[in-house]
Amino acid sequence: MTEQTIKAIIERGPNPMGARTQFDVPAYDNQTVLDVVSWVQQNVDPTLSYRFACRVGMCGSCAMMVNGVPRWTCRTHISKVLVGNEVTIAPLRNLPVVKDLVVDMDAFFDKWIAAEGLHHGALTREDPIAKVDPTSSARVASDAGVECINCAVCYAACDTVSTNQEYLGPAALQRAWTLLNDTKDNGREKILDAVTGAGGCQNCHSMGSCTAYCPNELDPMSAIAGLKRESAKSFFRKGR
Amino acid sequence: MGGDFRMKASKSIKARAHPLWLAYALHRLSGLGLALFLPLHFWVLALAVTNPGQLDRFLQLTDAGIVKLAEFGLVFLLAVHFFGGLRLIALEWLPWTAPQKSLAAGAAAVSFMVATLFLLKAI
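Protein sequence lines correspond, in order, to chains G and L. Sequential numbering of the first sequence, starting at 4, is according to this note's numbering. Sequential numbering of the second sequence, starting at 1098, is according to this note's numbering.
Keep in mind that the hints were calculated from the coordinates and are not lab data. Just so you know, these numbers come straight off a predicted model, no measurement behind them. A portion of the hints provided could be inaccurate.
[Unchecked claim] Label-pair distances were calculated between CB atoms; the ranges are:
#1 Ala-1167(L) / Asp-32(G): 55 to 65 Å
#2 Thr-1194(L) / His-80(G): 43 to 53 Å
#3 Arg-240(G) / Leu-1217(L): 42 to 52 Å
#4 Arg-23(G) / Phe-1169(L): 43 to 53 Å
#5 Ala-1167(L) / Gln-7(G): 50 to 60 Å
#6 Thr-138(G) / Ala-1195(L): 18 to 28 Å
#7 Ile-1186(L) / His-80(G): 37 to 47 Å
#8 Ala-1143(L) / Arg-23(G): 54 to 64 Å
#9 Thr-138(G) / Leu-1183(L): 30 to 40 Å
#10 Ala-1167(L) / Asp-107(G): 28 to 38 Å
[As the list claims (entries may be wrong)] Reference excerpt, derived from the structure (chain G facing chain L, CB under 10 Å, subset only):
#11 Pro-73
#12 Asp-222
#13 Ile-227
All residues carry an ideal CB built from backbone N, CA and C; glycine is no exception.
Take these sequences, add in the hints, and give me the full structure.
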């Protein structure tokens, strides 16, 4: 790939129609989508705003819409997404745009708290450490979702999020599911109340975009299905 | 944080091109189709009680080719919605692993094919 250029079209918010600017970016081997955006910012337009930190798929800061699909840009090779020699890069869907490719993630993180996605401890430092059996079915279910990096790719992919502002979204609900299955967490009632409210798990239509696009290959759709089962069981047992 | 600041959802999303979303769309559309058909269906059935003459005249329409074609469409909608519903129930209520679900779906498909073959021999 010598002397070749990539036609990078960047949709810059917060203009709701997305002001489209085209940049010609030199192509090189093993170039990522984030590399393309960085090249534009460093060589053509220093005012271009975007977010990244680790560049190795750990921090979850750099997700953007790439050709209409939400992706972690630091681990997406440009060669995999080019159509001809063209790529369109836009801010994440379903979140308010602050500037250019930067979205306001407040709503996304607030919903983690709203879904009781926080530790509910019951022990003190005097108590022995709770035993965790790594082979128990609950632990296996919990482990399946703990590698979430909060990148909001699932949140951007979800059509239920875009049509229902109250919906907690796949990431927050999956977090609630991991805690519900965590023997060290003592917030079962609180979690089930939180995930069965107006924006709760029953809003999910199992469209599966969260699972299809999770860059860590997690399965939020199945986690939400787990919450639906547990809340139904709780309803039939206790009437709530 | 109103909708004004959001990227237009319809504009920038191509992320729906995957089997699960298409299955969702098919289930929703077939459901809507059936919901439109059913009131008409019950109204025609009610004619048997309220106006048998009109029902007979209406039923003569069913000999027309276009109506026969529409019946195929209707059976298709029913089949799609029925199996789509079973798929959703399995997806949400059976905590099986993905390979287990694939095996179950495969077994259902094979048994359906065998049963269809016998049905074709019988008619």
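Status of the hints after comparison with the structure:
1. Taking 55 to 65 Å as the suggested C-beta distance range, the pair Ala-1167(L) and Asp-32(G) conforms, at roughly 57 Å.
2. Range check, Thr-1194(L) to His-80(G): about 30 Å between beta-carbon atoms, so the 43 to 53 Å window is missed.
3. Separated by about 48 Å at the C-beta atoms, Arg-240(G) and Leu-1217(L) satisfy the suggested range of 42 to 52 Å.
4. Roughly 45 Å separates the CB atoms of Arg-23(G) and Phe-1169(L), a value that falls within the hinted 43 to 53 Å.
5. The beta-carbon spacing between Ala-1167(L) and Gln-7(G), approximately 54 Å, falls within the hinted interval of 50 to 60 Å.
6. Checked against the given bound of 18 to 28 Å, the beta carbons of Thr-138(G) and Ala-1195(L), roughly 20 Å apart, stay inside it.
7. For the pair Ile-1186(L) and His-80(G), the supplied restraint of 37 to 47 Å holds, since their beta-carbon distance comes to about 39 Å.
8. Between Ala-1143(L) and Arg-23(G) the C-beta distance comes to about 57 Å, which sits within the given range of 54 to 64 Å.
9. The beta-carbon spacing between Thr-138(G) and Leu-1183(L), approximately 32 Å, falls within the hinted interval of 30 to 40 Å.
10. Distance hint check for Ala-1167(L) and Asp-107(G): the Cβ-Cβ separation is about 50 Å, which falls outside the suggested range of 28 to 38 Å.
11. Satisfaction of the interface hint for Pro-73(G) is found here, the shortest Cβ-Cβ separation to chain L being roughly 6 Å, below the 10 Å cut-off.
12. Satisfaction of the interface hint for Asp-222(G) is found here, the shortest Cβ-Cβ separation to chain L being roughly 8 Å, below the 10 Å cut-off.
13. Interface hint at Ile-227(G): satisfied, since its Cβ lies 9 Å from the closest Cβ of chain L, which is below the 10 Å cut-off.
In this structure, the hints that do not hold are numbers 2, 10, in rising order.
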